[in-house]
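*Asks:* Top to bottom, those sequences are chains A and B. Per this note's numbering, the first sequence starts with residue 1, numbered consecutively. Per this note's numbering, the second sequence starts with residue 115, numbered consecutively.
Calculated from the structure, these hints are not laboratory results. Remember, it's a predicted structure, so these values are computed and weren't measured experimentally. Yeah, the Cβ is synthetic: ideal placement off N, Cα and C, and Gly gets one too. Errors might be hidden in some of the hints.
Here are the simulated distance ranges between beta carbons [said to hold, decoys possible]:
hint: 1; chain 1: B; residue 1: S119; chain 2: A; residue 2: S39; range: 12 to 22 Å
hint: 2; chain 1: A; residue 1: K56; chain 2: B; residue 2: T121; range: 28 to 38 Å
hint: 3; chain 1: B; residue 1: T121; chain 2: A; residue 2: A82; range: 22 to 32 Å
hint: 4; chain 1: B; residue 1: L168; chain 2: A; residue 2: Q14; range: 25 to 35 Å
So the chains spell out like this:
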Amino acid sequence: SQQGEEDPQALSIQEGENATMNCSYKTSINNLQWYRQNSGRGLVHLILIRSNEREKHSGRLRVTLDTSKKSSSLLITASRAADTASYFCATDGDSGAGSYQLTFGKGTKLSVIP
Amino acid sequence: DTAVSQTPKYLVTQMGNDKSIKCEQNLGHDTMYWYKQDSKKFLKIMFSYNNKELIINETVPNRFSPKSPDKAHLNLHINSLELGDSAVYFCASSQGTYQPQHFGDGTRLSIL
Numbered sequence: 001s002q003q004g005e006e007d008p009q010a011l012s013i014q015e016g017e018n019a020t021m022n023c024s025y026k027t028s029i030n031n032l033q034w035y036r037q038n039s040g041r042g043l044v045h046l047i048l049i050r051s052n053e054r055e056k057h058s059g060r061l062r063v064t065l066d067t068s069k070k071s072s073s074l075l076i077t078a079s080r081a082a083d084t085a086s087y088f089c090a091t092d093g094d095s096g097a098g099s100y101q102l103t104f105g106k107g108t109k110l111s112v113i114p
Numbered sequence: 115d116t117a118v119s120q121t122p123k124y125l126v127t128q129m130g131n132d133k134s135i136k137c138e139q140n141l142g143h144d145t146m147y148w149y150k151q152d153s154k155k156f157l158k159i160m161f162s163y164n165n166k167e168l169i170i171n172e173t174v175p176n177r178f179s180p181k182s183p184d185k186a187h188l189n190l191h192i193n194s195l196e197l198g199d200s201a202v203y204f205c206a207s208s209q210g211t212y213q214p215q216h217f218g219d220g221t222r223l224s225i226l
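Next comes chain B alone, as it looks inside the complex (with noise of 0.2 Å):
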């Protein structure tokens, strides 16, 4: 069984669009995270939740909004989709703080 899934892995769509990317993990895990890699494979957090405490990270843009309906479950939710946006999109989670993230495979959007 998937750890952490993510559903589309390949979302190609237009700008100025809306998308959502879908995230599960059947760990048990209590803490989530939104990631964004670029072309250059840097690796940025996003958000983190846990326990219904949601941790923004300042310069993402608030078109980007993850929204939970329960522990494993983090959805992803991008308004006005701009050039700019086209990365992979990973999931990940873990048990507590300070302890290893489980990623999904990725999500890789290209806006045309």
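Chain A extracted, bound-state conformation (with noise of 0.2 Å):
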């Protein structure tokens, strides 16, 4: 399994606050998703970065990638209470059937704090 990891698994920070978050996953990828989830809400997507980039921004979100560590980051600048959420990483292979899946990690659950 390819699944990722997310660290830590709980994060409170106080409003306007940076938080970052990390992801660890076991094989190579095409690409990979970072997602926010509200409570009682499906998943959302937040960005996608490829295997062969290692940057990537989207407004507040500043996402990373490392394939030599295989990691990624998710970084929120200025955070909001709007953002306590948990956010997970997903990386995709091609499990060798012509098949797409998604591996989730097991999610950062974050605080932002007013």
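Can you join these two chains into the complex? Each is in its own frame, and there are hints to help.
*Replies:* Have a look at this one:
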């Protein structure tokens, strides 16, 4: 399995601070994605970074990818209370039968205190 | 308009019953998925369905069967429900492989 593992499992910060979450995975990938899940809701796609990219930005989000270390990080700058959610990394890979499956990590639960 | 919609949102039923969960996407995507999220928030792929090709995760019991009447719908039928089936089930869709997935808001299944 090339399941991603997020670190830390839980993170609590004050509004305005930056939040950094890490993801490690086991095998080679085509791309890595980050998703957010608010309580009681479905996952929402945040950003996709390809295996040949090292860094990507989207608004207050910054994602890095180090394929040599098989790890990625998600940085949320100037956090807001609305950023409170669980964040998941997801890796892809061909099972060998032409199928496409996303494998999700266990998530980081972020709490932003107003 | 909701992009990926699932019904029902909550499903409470007894062990041994058969139930279905419906999923519809209005994004024109060609690939749909079913996931199971357990109480620890671990999300696991159950099925993916692309151009009438069904890919099954081998760990999924054959009591679970996806049914796709057309490209916009992928329903999940579960036979002989067991206590361990209690979870939140998510439908998702994407346009092609290796693309971001759009999720529904889930169906919370509780087995009594």
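*Asks:* List in ascending order the numbers of the hints, as given earlier, that are violated by the structure.
*Replies:* 4
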